Amino acid sequence: MKNIRNFCIIAHIDHGKSTLADRLLDYTETISEREKKEQVLDDMDLERERGITIKSHAIQMIYKREAHNRNESFVLNLIDTPGHVDFSYEVSRSIAACEGALLIVDATQGIQAQTISNLYLAIDHDLEIIPVLNKMDLDNAMPEDVKDQIVDLIGCDREDIIEASGKTGYGVDKILDAIVERIPSPTGDPDAPLQALIFDSVFNSYRGIIAYFRIFNGRISKGDLVKFVATGKEYEADEIGVLKLGLQSKKTLAAGDVGYIISGIKTSKEVKVGDTVTHVKNPCSEAISGFEHVKPMVFAGIYPVDADDYEELRASMEKLQLNDASLTFEPESSAALGFGFRCGFLGLLHMEIIQERLDREFDMDVITTVPNVSYKAYTTKGVMTEVHNPSGLPDQNLLDHIEEPYIHAQIISKSDYVGPIMNLCIDRRGELKNQVYLTSDRVEITFELPLAEIVFDFYDKLKSISKGYASFDYHVVGYKPAKLVRLDILLNGERVDALSTLIHSANAYQFGRRMCEKLKELIPRQQFDVAIQAAIGAKIIARETVKAVRKDVTAKCYGGDITRKRKLLEKQKKGKKRMRQVGNVEVPQSAFLAVLKLD
Amino acid sequence: MAGLYVHIPFCRQKCHYCNFYSVASGKFRDETIDAIVNELEIRKDYLGGERLNTVYFGGGTPSLFAPGKIQEIILKADKLFGIVPGAEITLEANPEDIGSTWLDALKSTSVNRLSIGVQSFNNADLRYLGRIHTAEKAESAVRLALEKGFENLSVDLIFGIPASDDKIWESNILKVLQYNIRHLSAYALTVEPGTALRLFIRKGKYQPVDEDQAAGQFEMLMSRMKQAGYDHYEISNFCLPGHCSKHNTSYWTGDKYLGVGPAAHSYDGNSRQWNVANLKKYIEAVEKNEPLSEKETLTGTQKYNEYVMTALRTMWGIDLEKVKNEFGEDFYLHLIKEAKPFENNQHLLKKNQRILLLTDRGKLFADKISSALFWND
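Each protein sequence line maps, in turn, to chains A and B. Position 292 of the first sequence, counted from 1, bears residue number 292 in the numbering used here, the numbering being contiguous throughout. Position 207 of the second sequence, counted from 1, bears residue number 207 in the numbering used here, the numbering being contiguous throughout.
Some hints here could point you the wrong way.
Pairs of lysine-lysine, DSS-like flavour, derived with a Cα cap of 27 Å [what the hints assert, rightly or not]:
1) A:K295 x A:K233
2) B:K324 x A:K556
3) B:K76 x A:K573
4) B:K167 x A:K565
5) B:K280 x A:K573
Sample of chain A residues facing chain B (criterion: CB under 10 Å; computed from the structure) [as the list claims (entries may be wrong)]:
6) K227
7) S374
8) K376
9) R514
10) D561
11) R564
Hints listed in this document are in silico derivations from the structure and should not be mistaken for laboratory results. Computed from a predicted structure; not experimentally measured. Idealized CB from N, CA, C, for every residue including glycine.
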């Protein structure tokens, strides 16, 4: 155990985590040239393109070195962490599986909000932090400034910061030595009852779910009868092993080891990140602390563009769920959109990822409705129901009050932009909690905000008012009562269920007006006037009219060029197929996302 | 039944709205005529032995050429394909070219129908459009053509000009009626990509086109022409009974036509071709006997869609029996089903025995309706 080091990497998107991880794998000869792809840790296409690791992975390296006049060999387990706010719980479990962390900071950019929140998580778990200044090869690197930030932040010695470049390989040897020398080896009792933490799982179409774990106490052998504490399910360990570039099976793994288990599990729902694995006979006395049921916080309807594809959409969602347990869905129907699903996501990025995966991996064309957060509605009889859909709100006269989720938002920015950022947060019903200058021109602002307020375009706004400088991170802190109303949109008097939103009453008028204006732009002129109205209950609060079109005919000389005109009309036909019918009004799909594009 | 279209790609200057292929330069004029004659030779089998019922010289500005040159092409076509006796032979002409001498010369050719690009009898309109003739010239050209015996006369007019108004448009219509002109092509001003008009509008130099104004003027046009006893035989075309353009009608009824000259379109009953829209490339391709056109072979669906699109625009409408027989039961049932809402709720279509027709109101929505009747593979 004394030659094992378990560590993770904390870095902001684009700060070069994956490239540097590749250099570590190169240096330790974990991958051959042939196996080498760029950024091997990100093996989903989508991940590679976005440059973020959506799901965490793990890989074992063997690091041999000569020190104190003798050859030493170390097992280094790198546990990769997902790099986005939506996955902060998964990050916390990966961190819990480690004793140390590389803090990678881009020498040209400095510390970002997300780095900080993950760093705090790591410090909370008593991880040894090794600060690394990456991208030192770039001309615009400002190592001294960024070192100041790091020293301020973690209170390390300036000399402890390692200068490196994932691109050139500079400093990689120093990083490996620091991992060995500074990160403590795991502790734990191999002879105690088995206690292993699940920090990730992946789905393999031949082998089912492969769960990744870190053993804290005891040992596990192939064929053992094991139990997952949180789900209470029991399995036989068909195969266990360690994670190289592929799977490498082993007979036994013991305290301190990081490995995988295959036990015939078919769906990811049975494997909860943070769960504890122990033996059926002689179980551990308590589970590893920190387990949570991850609950989706953002909900939206997903509908097939072509109504005939409903069953196919269901099949695709089921397949997605096999390797993404945090996705939830249940059937839903809408008068405007037909049959679809109400889906729950961890956050907005998660929602986008699901949409993109449906498109790329399953070739599904979908319409996603206005997202909303998960509300708690209390009836006068004191019964609480979770509301995932505006139409799911109990009847007004049965309703006592509603509570909405709040987040703790951390924003780091250049101090020049503090004013506009404050205004944005206050506009979004935020309450300032803290403001700290990290350096003379970098400030960390902490706000408490309703989650619902960041669901719409908050991040884009933040980026634009800070000229791209501000970084942002959040976690949910709890529920608070809210004065919410349901805002409906009517087209020629007919309510469009897919456009209803729950909104704070103070914002309802303005929001209703902007919705009507936006829809006026998006709904094409038809052969009759189209009235667009925003309503709260029976009260109309805003109205716009799309004037009737007077003509739709090409009255020009097109001579013998029949082809061009035919193609034009064929294209129109295709476009129309994608329109939805609300009463007698044709509504383009873009209108269903109108709310996201309000400016 | 077959037609020949000859594209003369030269103009004195480009009109602001025009996106037909033409050049405002005198270069290659002779070479182009030679190439057109040679192309006729090269493609002499295109029509599969069918003789020519119609010949149409369009442009560009065919009246830029001496009538003798036009006659050369006609004679060549007659030699290669055979022109049936009484065939309709049309020449497009611009008012500025139409004088006594020119008309006398034209009289001695086989051209028997004249189509004058008047566009408007109002000087402000003409300046807006970038035309080089005046309103006075336009009217005198019409008068002179009639005097010289070109009773088989058509004029082109453009409506929906933002700087203009309904009154001016009405007076344009009245001029046509006053001279008892047999045939009128009336086009709504359309802003095409790559035109000066589009640029002017984008830069704010010209007001954008107002669809409502155009719709109103189209309605005025329909009612005035109906009163005067004209047939509205195609969306943009009106004629006194018996005087529709046979050549243009053949485009809408699926007849074969050969188009020669740069950018000209051809149809052989199964595929469509369009020649390269570049004078030099065209001349070179003909010289070297290389392919000079792009080609699209039509699928069953495409043929159906084209039939629906073109037939619906005419007063002869969509022949439901023809759809059933030529395209099959599936297309027929699709058509009946898709047409229903337009007949019942909106009164844009009417069924007349076995014919599906646009109502007058429907004529304002012909594109929307035909695309709804299309078949999507």
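Quick rundown of the hints versus the structure:
1. A:K295 x A:K233: holds (20 Å)
2. B:K324 x A:K556: Not satisfied, since the Cα-Cα distance of roughly 30 Å exceeds 27 Å.
3. B:K76 x A:K573: violated (43 Å)
4. B:K167 x A:K565: violated (31 Å)
5. B:K280 x A:K573: Violated, because 37 Å separates the two Cα atoms, which is more than 27 Å.
6. K227: violated (56 Å)
7. S374: violated (40 Å)
8. K376: Check failed: Cβ of A:K376 comes no nearer than 45 Å to chain B, outside 10 Å.
9. R514: With a minimum Cβ separation of about 26 Å from chain B (threshold 10 Å), the hint on A:R514 is violated.
10. D561: holds (5 Å)
11. R564: holds (9 Å)
Hints 2, 3, 4, 5, 6, 7, 8 and 9, counting from the list given before, are not met by this structure.
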